[in-house]
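With the sequences and hints as input, model every part of the structure.
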Amino acid sequence: MTMQTLPRRLGVAVLVALIVGFLSIKLNAFRDYQIAEVAYEVTAVAGLTVLTGLSGQISLGNGAFMAIGGYTTALLLLHLSWPFVAALVVSAAVAAAAGAIVGVAAARLRGPYLAGATLLLGVALPSVAYAWPGVFGGDQGLNVAFTTPAFLGATFPLTRWQAWVSAAVALVTLVLLANLCYSRIGRNWRAVRDDEVAAALDGVNVAVTRILAFVVSAVCAGLAGSLLAIVTSLVAPGAFTITLSIALLTAAVIGGLGSLPGALWGSLVIVLVPTYVTDVATSHGLSSSVGSNIPIAAYGVVLILVMLLFPQGIQGGLRRLLTAFTGPDPKTRTWYGASAAPVTPPADDASASQHEKEGTS
Amino acid sequence: MKRTHRLRWQAAAIMTVAAVAVAACSSNSSSSSSSGSSSSSSSSALTASAPGITPTTITIGSHQPLTGPVAPGYDEIAPASTAYFNYVNAHGGVYGRKIVYKYLNDAYDPTTTASVVRQLVLQDNVYAVFNGLGTPTHLAAVSFLNSEKVPDLFVASGCECWDQPSLYPETFGWQLDYVREGKILGQYVAQHFKGKKIGYFYQNDEFGMDGVKGLNYEIPSSMVVSKQSYVTTNVNIAPQVAALRASGAQVVVAFSVPAFTALLKLYGLKLGFSPTLVVSDVNNDVYTLDGLLEAFAKQNGATVNGSQLTDGIITDDYLPTLADTSNSWTALFKMIHDQYDAKEPWDGNAYYGEAVAYTFVQAMLKAGRNPTRADLVSAVEGGLPQGPMVAPFAYGMDNHDGVTGAFMAVMNNGGLTQEGSVLTTDTTASGAITTYTGTEQQAPASGIPSP
Chain F
1 MTMQTLPRRL
11 GVAVLVALIV
21 GFLSIKLNAF
31 RDYQIAEVAY
41 EVTAVAGLTV
51 LTGLSGQISL
61 GNGAFMAIGG
71 YTTALLLLHL
81 SWPFVAALVV
91 SAAVAAAAGA
101 IVGVAAARLR
111 GPYLAGATLL
121 LGVALPSVAY
131 AWPGVFGGDQ
141 GLNVAFTTPA
151 FLGATFPLTR
161 WQAWVSAAVA
171 LVTLVLLANL
181 CYSRIGRNWR
191 AVRDDEVAAA
201 LDGVNVAVTR
211 ILAFVVSAVC
221 AGLAGSLLAI
231 VTSLVAPGAF
241 TITLSIALLT
251 AAVIGGLGSL
261 PGALWGSLVI
271 VLVPTYVTDV
281 ATSHGLSSSV
291 GSNIPIAAYG
301 VVLILVMLLF
311 PQGIQGGLRR
321 LLTAFTGPDP
331 KTRTWYGASA
341 APVTPPADDA
351 SASQHEKEGT
361 S
Chain B
1 MKRTHRLRWQ
11 AAAIMTVAAV
21 AVAACSSNSS
31 SSSSSGSSSS
41 SSSSALTASA
51 PGITPTTITI
61 GSHQPLTGPV
71 APGYDEIAPA
81 STAYFNYVNA
91 HGGVYGRKIV
101 YKYLNDAYDP
111 TTTASVVRQL
121 VLQDNVYAVF
131 NGLGTPTHLA
141 AVSFLNSEKV
151 PDLFVASGCE
161 CWDQPSLYPE
171 TFGWQLDYVR
181 EGKILGQYVA
191 QHFKGKKIGY
201 FYQNDEFGMD
211 GVKGLNYEIP
221 SSMVVSKQSY
231 VTTNVNIAPQ
241 VAALRASGAQ
251 VVVAFSVPAF
261 TALLKLYGLK
271 LGFSPTLVVS
281 DVNNDVYTLD
291 GLLEAFAKQN
301 GATVNGSQLT
311 DGIITDDYLP
321 TLADTSNSWT
331 ALFKMIHDQY
341 DAKEPWDGNA
351 YYGEAVAYTF
361 VQAMLKAGRN
371 PTRADLVSAV
381 EGGLPQGPMV
391 APFAYGMDNH
401 DGVTGAFMAV
411 MNNGGLTQEG
421 SVLTTDTTAS
431 GAITTYTGTE
441 QQAPASGIPS
451 P
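Those protein sequences? They're chains F and B, same order as listed.
Every letter in the first sequence is one number past the one before it in the numbering used here, and letter 151, counting from 1, is 151.
Every letter in the second sequence is one number past the one before it in the numbering used here, and letter 310, counting from 1, is 310.
Derived by calculation from the structure, the hints in this document are not laboratory data.
Heads up, the beta-carbon is just placed ideally off N, CA and C, and yes, glycines get one too.
Careful, some of the hints might be misleading.
Covered stretches of chain F (chain B as the covering partner; in silico rule of three or more C-beta atoms under 8 Å from a C-beta of chain B) [stated by the list, open to error]:
1. 16-28
2. 60-72
3. 221-235
4. 238-244
Printed below as a string of structure tokens:
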């Protein structure tokens, strides 16, 4: 535990920020755009992985909270010309309010009923944009004007600025989430996830704890939606379909449920794999009908392989590899990552030591 | 024990979701085509005059729905354009340069469009974006393209929104815009169905609303008994069809995409409601519409004859018909299709793809030997010959609309039969609809436009 102190986490965040800054300058403008895409994706996935991996609640509707964040930012920038930071904060607050309302309902639901209710939210909410086309721009959505600040000079590429802003928001979110997960609140989430009755007997308010997890997850999604708005310069219902909500959960699962580094791996996979496979398929001159379907197939194959080879997600797999080489080192082990994974690990040494560790945490 | 149960449930849920994700998640993919045979034409004056232009190639890009719900039919357009470019490349290219057409799949998802268009411009350095398909999708790209000053030519959508030269100086339409089309269809309805009850069925976006705007200019509101709209994300249009039926509409004018036109027809059959249908030209690839009707009916365990169902549907068109084999353009494009694109069906989408590629080559030739991006925009703003179109283009300094007219047609035995002469008009409420008196152009013998 001593290794996971606040300074250490801040150190990691600064290191990652430096890497992102370096990459954004070295790579071309489209890679900057992809960095920005990964950044907003990871912000949303991190919130979801905490909700599902830690508090044990599933959400198939976090895309709806992204829509709330995105539209809030778009409306504030469009009509009130607010500075982006202010719009970002308000978007998070609006998403938090929505998350609290959904959380109250969610706290009463379990298992497939919760999945169904959140799925409903993910499908239905973006359709609100069609109901008031005057406000939300209907199908064509709202354009979001976002420019580089004057002090960077006229030639500073917009995509790099978008990458920086998105990465900064993502990193701050991740650091705050990591702290939260280590706090009393995080411990309560795990307690409620593992056994509600035992948690209640220990004085944990189960309902409040579960609602809070939903609020945190919604805030992350709201921030992500706000970033999506300035990165793609458009919010439209087509951007927030159920596919998005499922992609978020996919990223959380393949990264490793409950693991914040896993959220990053998962986001990298869902953003980069399709583009990469597309480039490969294109360079091999495949026919149109084959080439256009290969990325979808490859995406499926990657998902299946990750789930077969690393049932605890990529982060869980990395952890196991590390353990295999260095042997279990309780100091660097954390509760998040493998121990929170949904699939009961095979009874090998690594998992045995994890369960041991869990008992002492 | 309880924990094990929960974990097991979670495991099951997560695997299910992952499986669903595999099935449901569409992702971007691409297809690109490079030039066919290499005939070397050396000219010392050819330079890399703009991004995407080298002494030997012109690279252009596009976003197209190659997978997903709107892909059937529309995924034939870009291969057909490629076929025409390959024909041009094999016959000397554009001033000796070969056109390389790289089109990426956006699966008709605006977020993916935003991403692939940035890839084309920022990474692949395309000279221009050509024929980007779809109104909601292209709207996600248009601001970016204009801020990067990338020519955005011949959007595959009739939205009036492309004609905003002050806001989008780089963007040009090509096909008949939906306001003009609405006026032409509206005038036909007002003249031919006097005293009948008219219903509207339209897509609740720029496409449908532009169309309705044009219809309203021509059809007296007293004739319209019901206006029903749909969104593409909800295929259950039974309530709308029931409302049209309840209103007693005898004629239904549909600004709907082919999938929803097919659903309108099928739900109508189910309810015993068969009004005369007047539909937007986005449906006039009868081959695709017939196929959709048969496929949808099959999903519900019924068998229908698509061609029989579409017989008598009224529409319009701005290109010569496939059936008119004596037309020089039809003959030319059919010949190129058979040679370069034989795997795809010869239908309205293929015709469209070749025709728009022809107009692009025309614009490139006019832009000059070593064009900048601005040269291409000025070339189009200077006006283009109508080529295969049945009516002239509107292009000018203050007008970025494409073709200005169309003829009325009736679907007949899987094809279109022209009704009456070509009509041209503008996008204003008061602008008259006039019979086009100019002569149609003949296809050049070489198959390639002259500068």
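Hints, verified against the model:
1. 16-28: violated (count 1)
2. 60-72: That given contact is violated, which follows from only 1 residues of the stretch 60-72 of chain F lying within Cβ reach (below 8 Å) of chain B.
3. 221-235: It holds, with 4 qualifying residues against the three required.
4. 238-244: holds (count 6)
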